[in-house]
Amino acid sequence: MTRSRVRLATALFTGVGAGCLLMAPVVRASPSPDAVDYALAYEEAICGAILVNPTPAGVVAAAALIQRDGWSGYQAGEILVMAVTDACPNQLELLQRFANRYAGVALEKTV
1179 MTRSRVRLAT ALFTGVGAGC LLMAPVVRAS PSPDAVDYAL AYEEAICGAI
1229 LVNPTPAGVV AAAALIQRDG WSGYQAGEIL VMAVTDACPN QLELLQRFAN
1279 RYAGVALEKT V
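Under my numbering, the first residue of the sequence shown carries the number 1179, and numbering increases by one thereafter.
Keep in mind that the hints were calculated from the coordinates and are not lab data. Here a beta-carbon is modelled for each residue, glycine too, at the ideal position from N, C-alpha and C. Check the hints yourself; a few may be wrong.
Using C-beta positions, here's what the derived DEER-type ranges look like [said to hold, decoys possible]:
id	residue 1	residue 2	range
1	Leu1218	Arg1246	12 to 20 Å
2	Ala1239	Glu1271	15 to 23 Å
3	Ala1239	Ala1281	15 to 23 Å
4	Pro1211	Thr1233	29 to 37 Å
5	Asn1268	Ala1235	17 to 25 Å
6	Ala1239	Asn1268	17 to 25 Å
7	Asn1231	Pro1267	15 to 23 Å
8	Pro1232	Pro1211	27 to 35 Å
9	Leu1218	Asn1268	12 to 20 Å
10	Val1230	Gln1274	29 to 37 Å
Let's have the full structure, built from the sequences with the hints guiding it.
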């Protein structure tokens, strides 16, 4: 995945990170290089976690796994979008539905 593709994916699906995950959103122009590297390194595992349970609960579970590694809720959303865009783009619709449904809602922390 190229960095420009990552930025495009993040711009298209910022609702996943900005409105749905556990922490108040912070507006950013693009994800940090560390987040990009993490997404690339763990994209198969992230997609696997979502594919086990391709529902909003599965998205929350995948985000919780990312947060256990020290990422904020917002960063977990960015990482989810980057990983799914590259490794399992068939799940982008699920992320978009999740973002649309939970935009602006603080979810209960599950970790």
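For each hint, the structure was consulted:
1. Checked against the hint of 12 to 20 Å, the pair Leu1218 and Arg1246 passes, with Cβ atoms roughly 19 Å apart.
2. Hint check: Ala1239 to Glu1271, Cβ distance near 18 Å, so the stated range 15 to 23 Å holds.
3. Checked against the hint of 15 to 23 Å, the pair Ala1239 and Ala1281 passes, with Cβ atoms roughly 19 Å apart.
4. Evaluation of the 29 to 37 Å hint for Pro1211 and Thr1233 yields a pass: the beta carbon distance comes to about 31 Å.
5. A C-beta distance of roughly 18 Å is found between Asn1268 and Ala1235, which places it inside the suggested range of 17 to 25 Å.
6. Between Ala1239 and Asn1268 the Cβ separation comes to about 18 Å, which falls inside the hinted range of 17 to 25 Å.
7. Distance hint check: the CB atoms of Asn1231 and Pro1267 are about 18 Å apart, consistent with the given range 15 to 23 Å.
8. For the pair Pro1232 and Pro1211, the beta carbons lie near 29 Å from each other, so the given range of 27 to 35 Å is met.
9. Between Leu1218 and Asn1268 the beta carbons are some 19 Å apart, a value that agrees with the proposed interval 12 to 20 Å.
10. Between Val1230 and Gln1274 the beta carbon distance is about 20 Å. The supplied range of 29 to 37 Å is therefore violated.
Comparing the model with each earlier hint shows a violation of hint 10 alone; every other hint is respected.
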